[in-house]
Structures are given as structure tokens and as C-alpha cells.
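Chemist: With the hints as extra help, turn the sequences into a complete structure.
Protein chains: 2
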Amino acid sequence: MLEESVVHKAVSVKVSSGVLYNCTTVRKNALLKAINKRLLSEIPGIIAANKIDLENAEKAGISKVLIDRLVLDEKRIRQMVEGVKDVIKLPDPVGKIFGRIKRPNGLVIQKMRVPLGAVGIIYEARPNVTIDASVLCLKSGNAVMLKGGSEALHSNKALVAIMKLALKDAGLPAGCVEFIDTIEREAVAVMLKQDKYLDVIIPRGSQQLIRYIQGNSSVPVIAHGEGNCHVFVDASANLKKAEDIVYNAKVQRPSVCNAAEKLLVHKKVASKFLPKAAERLRQAGVEIRGDETAVSIVPSIKPANDSDWYKEYLDLIIAVKIVENLDEAIQHINLFGSHHSDAIVTGTKSHSERFLREVDSAAVYSNASTRFTDGFEFGLGAEIGISTQKLHARGPMGLVELTSTKFVIHGKGNIRK
Amino acid sequence: MLEESVVHKAVSVKVSSGVLYNCTTVRKNALLKAINKRLLSEIPGIIAANKIDLENAEKAGISKVLIDRLVLDEKRIRQMVEGVKDVIKLPDPVGKIFGRIKRPNGLVIQKMRVPLGAVGIIYEARPNVTIDASVLCLKSGNAVMLKGGSEALHSNKALVAIMKLALKDAGLPAGCVEFIDTIEREAVAVMLKQDKYLDVIIPRGSQQLIRYIQGNSSVPVIAHGEGNCHVFVDASANLKKAEDIVYNAKVQRPSVCNAAEKLLVHKKVASKFLPKAAERLRQAGVEIRGDETAVSIVPSIKPANDSDWYKEYLDLIIAVKIVENLDEAIQHINLFGSHHSDAIVTGTKSHSERFLREVDSAAVYSNASTRFTDGFEFGLGAEIGISTQKLHARGPMGLVELTSTKFVIHGKGNIRK
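First to last, the sequence lines map onto chains A and B.
Heads up, the first sequence is in the numbering used here, so the first residue is 1 and it goes up one at a time.
Heads up, the second sequence is in the numbering used here, so the first residue is 1 and it goes up one at a time.
Check each hint, because a few of them may be wrong.
Copies of the same chain look alike in the list, so a pair counts if it fits in one copy or across any two.
Derived pair list, reagent style DSSO-like, types lysine-lysine, alpha-carbon separation capped at 30 Å [unchecked claim]:
#: 1; residue 1: K111; residue 2: K311
#: 2; residue 1: K75; residue 2: K193
#: 3; residue 1: K102; residue 2: K349
#: 4; residue 1: K412; residue 2: K268
#: 5; residue 1: K14; residue 2: K59
#: 6; residue 1: K96; residue 2: K164
The set of hints was computed from the structure by calculation and includes no laboratory data.
From a predicted model like this one, the values you see are computed outputs, not experimental measurements.
Modeler: Here it is as C-alpha cells:
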């Protein structure tokens, strides 16, 4: 019964994706405008549905932080509407022609950007993802199958109902957005096997959720791994800038994936740099762990153990290692890091160049905070997620990353000899 | 024991990939030249190893076609050497910088092309793939883990030994090329679980092999699906050209994935086009199946059944359907096709444009044979395979498709507000 329902929705998404595949930009934007109109006219209904989720969450004793993520008030709904407006303004990647070559036999070979087709999104608490992610998929010509967190079930159902009304307003199939409206986890397992109908699954949530999906999906997955990010302060670094960057990368928002978890310091500047930097971090409430040398320079630093170098804390904790040189820094980052975002602070151009080339991470920085790894900060105008994979997309993903390509070949009756 | 050996090789490939990641083009080309030198000096050794495989194959009663694929004589070894020379000449995609944007805060954000890392290739009979595929991986900065067919075991071992000597000549780790030298199928199962060490697996072989790999791999797979390719002859087609294209697409090499398996003909030209085209195909030994209308026009055509429209024959068989119009042709191809290569023959520009935009296949053709879907024909200079997936690469894959990207960000002490 549950399986049948999930498969039925996957088929519906696949069939509807064929209509979206050929939609003009004007028509897709009209759909997004219709979604906004419905969102604004249904504010009381959304808040009422959200209230049920909030009451259930309180009854279940869910933490205040999680409950705050669940809340949909008028302000947040209007923020969602503004987000949709931003997506309307973004250029539509679909249909773009590029890479033209003419072959000696006269064939003209080009690539055309096309939608991926049917995209599955599996996400947790925040109900705003329901609108944000759907709208990015729709603008890039993809139909979308949603599986949200159980805590937000009623809010998500209300938001999906609004999108289905808007699809009707825009004369498009209701199946362009399907939602799995059960809280049973088995539904996810069934969804992960719909490789016949879904072209990709993008999970958004905890590392536990993402690892489960990666390990059990026959649908290709674009996943967001951990962010064990490093800042390396080189011997030639401007130490004031280095301190600002380390402080920003660690403290500005410690719970996110692009926050720094490790600080590597060149031995030549360690005794000058570390005491001041450590004191500033300490004042912000950061717990500092370190290798022997770091502890010998700043005795208040706690000894780090071997597992620290692999850890993503997502908290006000940082581990410091004093390194011999650039080579040791690069090796350490490539070996212990998670290949997300890593930065060098240096005044030596050749060191910057080597770091940027040799560190194998989704985003590598010279003299800037790792906190910039983000679709908006990178100028993509939007973000469906951050990929730490190497296939298809790496780093922040916007509309273009929700597309594929096809080869388009013009001939004049050409046959192969 | 077997598992330990496979995991050990996967680790070796991963570690070695770190060295290749930063190799200059000059150094990679020197490696390829060293491989060629060793191939030429070891011709007798390769032929002797190949002889063992050939004798075993004959004892096992393997078909003549398969045995022909196995043969390595001096001519074929010299062809392999020429192939390596071609790859030496190809531009190195690694390190290329593109997509530069400057943000209002002064950050300069670019993308850099980088190797994927560790590539697994699982393939069947032909031993030349051992060299061809390895050389493409090495040139694009990737280490490679090979699992060849059991029939070619001794030939493959000899070729891998040559590459390991060449790696030594070039001062690179022997682990840049690892080969699973067992014929036990369990080795493949173990290889498919090495997601910690392998970045991608590219299977080359039968649909059965590819489906097994897709269904059982925790490593991302780039797969080559079936080719149920169509040619649609529109009402405005130049019928002589249409006949040539259909004949070429079906007859020139019927056993390959880009050969046409289906012929759709606009009803307006069916009675004029079909009898001549059918007669020419028949003379080439092609069995023609068709829908009711096709049979009514050419009575020697056998009635097709429903399953025919889904089938990839890979043989001198074609099925013909008479369609009402362009819409029916596009719908039929998107519904029954395998999204590989599909062509329209038309004199109407708007029909060509609609077909190219609306048919959702890896390669779409206007007035040309589907047989051109090939890395060399598309000017990539090489081909590691053809992807029928939508993620990462779609269509023929060359060196660029063996790479990923990373974001490279230059700042001047930038921190996030």
C-alpha cells in the first residue's frame, strides 16, 4: 500500500517532467508567480497547519532549536515569497547552446542544456525547504518528489497543496510536485529504489541521513558530506588578517559546514600568532585543542588526540596544529580533511598558487574565510545544496547544477563511412 | 584473502592518485611515451602471454568472434601504440581555469579543472582496453584500478606489468595502475564497495554486466545503457537522403549501440518512401518488422509486436512505424526509446528545431546518421565510453569527462559579515 503510493507518485513525477522539459522560461516564471500569489493568499492556512506541527513538537518534547526551525509565521512566509521572486529573476539555464564545433565532414556539433528530469529531495525539519527546493527544480525544468521531515508534516502538506493549486493556475500537471505524506521511514527506502523514474536524489539534512541514502539508493545521489575545514596561517601571512579570518571562519556561525574546525600554523609565526589568536577565540567561548607544540606555546590549550584531526565539531571548538611548512599543511589537509573548504593565509604568491592547486577540496581559498562557500556568496543566485562529491557538481549548486546536457548535431544528410 | 587483496589495491590506487593529481602535462606525457617504449620492446612477451589466453579460450570452446577480440598480434600492439600517441597529442584538461567572476566584496571566484582521483574500470574481453582506458585515465591525472575479463587474464597481466615498468621509468608510483589479477567474480563485488578509495567506476561491456554494477555499487557509476535508436523520416524529408541515412544507421555496423533499431515514417510519405527503403534494407539482409500500416504498404514486412518498440536488437533487424506527425514521432521516441541517439530527416527547419529540443536523448540529430555518436567522430580525440546517464557526463566521454572541478577563491583578507 505504502510502496504502491510512493511508486505511483514517482511515475507521476516522471510523466510530468516531460511537460516541464519543454516549458518556456515565461511559462515557468508564470508558475512561480502563481505559487507566490497562492502563498500570500493562504498565509492563515499555512500558519494554522504549522500550529499543529508546533503543538505536536512541543508534546514530543523536541528541543527549542528544532522548534524554532519549524516555525512558519507571516514574516517567514513573506521571506519565502521574496526567495521565489529572486528565483524568478535568475536566468533560465535550459535550452542554452554551447561548445559549438564543426567537423571536417561538415557536421555541426553543439551541446544544449536540458533539465535533469525528475528530482527527489529528502530533507529534514525546515518547512521552507519545501518551497525553496521545489521552486529551484521547477525553474530549471525539473519535476520534484519531496520527502520532508515528520515534524513538519502538516506544514509541508499545506505548502505542497498551494503549489498544486498554482500548477493548476498555470495550466501545468499537478504531478510536477509530489509529496510523500507519510511519516513512515519505509517510504524513504521505497523512494531510493525508483531509479526507473527518478533521475537524481538530493538529500538535505544530517550526515546520518545522507550516509543512509548514499548507502541504499539505486538512484544517483548528489550528496553533501562533512565539512572538516582548515585555515593554514603561513609564515608570510599578514597576522592581523590571519587572526580576522580564523576568528570569522570559526566563530561567525560555528554550526555550519563551512565553518573552520582546524587551524594550522607555520612554526615560524606560531609563537607570535597563536597567543593573541587563541585569546580572541577564547573570549568568544571557543574551546581550543592543540598538538604538543601548540600547548607549549599557549598552556591553556587542551591536548588534542588523534581523532580530533578527522572531526567536524559544528560547535565552538577548534584544534590547532603547528606545521613545519607548506608541504606539511597541504598533506595534513588532504589526509585528514573532508575536502569541503580550506584556506591559506599567506603573503607568498607561489605558496598561494601551490595551496590552491594541490589541496583537493570543493572550495580552496587564498586569504579569505572558508565561510564564503555558499551559492549566494558565489553569485549563483540560489543554492539547492553543496556537493562534496566529484561527479556532476562540486561545491555550491545552483540552477545550472540541476541540469544535464545533450549533444545536438546538425547535418546535411551525413552518413558514416 | 581475496577481499584483502582488492582493498589493498584500492588503497594503493587512492594513495598514488595524490601524486598524479599534481603531475605536470610534460610528466604525464613522458609516462605515456615510456609506456609506448615498453610496449614496443615487449612485443614478443605480450604475444606469448596472449597465446596462453587464446589456447585456454579454444579449450573452453569460446566462439570465434570472441576469440578474434582476444587476439593480440604485432599489428594490434602497434595500433595500441598509435592510440597512445594520439592521447599524448591531446590537450591536458587538468589545471584549466574558467568561469571567473568578481563579487562585489572583491572576492575573485574561478573554477579549476582537476582529476577525479581514483577511477575503476571493469571491462570484458578485449585486452586493448587495458592500455586504452589506462592511458586516458593517466593523461587526465587519474590513477586507475582495472578488472578485466577472465578470458584475457594473461594478456592483461602482461600489459599491466609493462605499465608498471613504465611508471618506474617515469619516476611515478607503481600503484597508479592496479589490476585485479583473479578471475573470481567476487572480486568485482568487493571492488564495488570501495567508495572510500574509488571516486568512480566506469563499466565497459554487456548490458548484463553494467546492470549488475549499477545495482550493487556504492561507488558512483558512469554507465552506458542500451541504444534503442530511432530515425524519423518527416513528410518534408529529402527521401534519397533519408534512405541513405536509414541504410547507414542500420546496416553499416548493426552490432553497436548507435545503430538504428527503429524507423518512424510520416504517413504522408510512407507509401512513397517505404517500398524502396525496405527493398534496399532487405537486400542487405535486414529483417523488417512493422506496424499494421507498414505491413499494408510493404506486405513482406513482418508484423511487429508491442515489445519490439522497446528492443535493442544489435542485429540486422529494424522495426518500422508509420506516424501521424512530428508530435507522435517525438512522443514515441521519448516513451519507447532508450535516450541514446535519435535522428530526424526533414526539410522543415521548425520541425528540426522541435525534434532537437524535445527529444530527450544523449545525442539528437538533424539530417545525419545516428552512427556518429562516438568520441572520435565528435572531435573529443578519444573515448573512455558513452554515458547514457544524465549526471556528470552524457554522450561520448573523453578526457574532460574524466575530470572534476573545484572552486578557487582569491581574497584580500575577506571575512563574511
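Chemist: Each hint: holds or not?
Modeler: Status of the hints after comparison with the structure:
no.: 1; hint: K111 x K311; result: between (42 Å within a copy, 27 Å between copies)
no.: 2; hint: K75 x K193; result: neither (38 Å within a copy, 47 Å between copies)
no.: 3; hint: K102 x K349; result: between (40 Å within a copy, 19 Å between copies)
no.: 4; hint: K412 x K268; result: between (68 Å within a copy, 22 Å between copies)
no.: 5; hint: K14 x K59; result: neither (38 Å within a copy, 49 Å between copies)
no.: 6; hint: K96 x K164; result: within (28 Å within a copy, 44 Å between copies)
Hint compliance for this structure: hints 2 and 5 are broken, all remaining hints hold.
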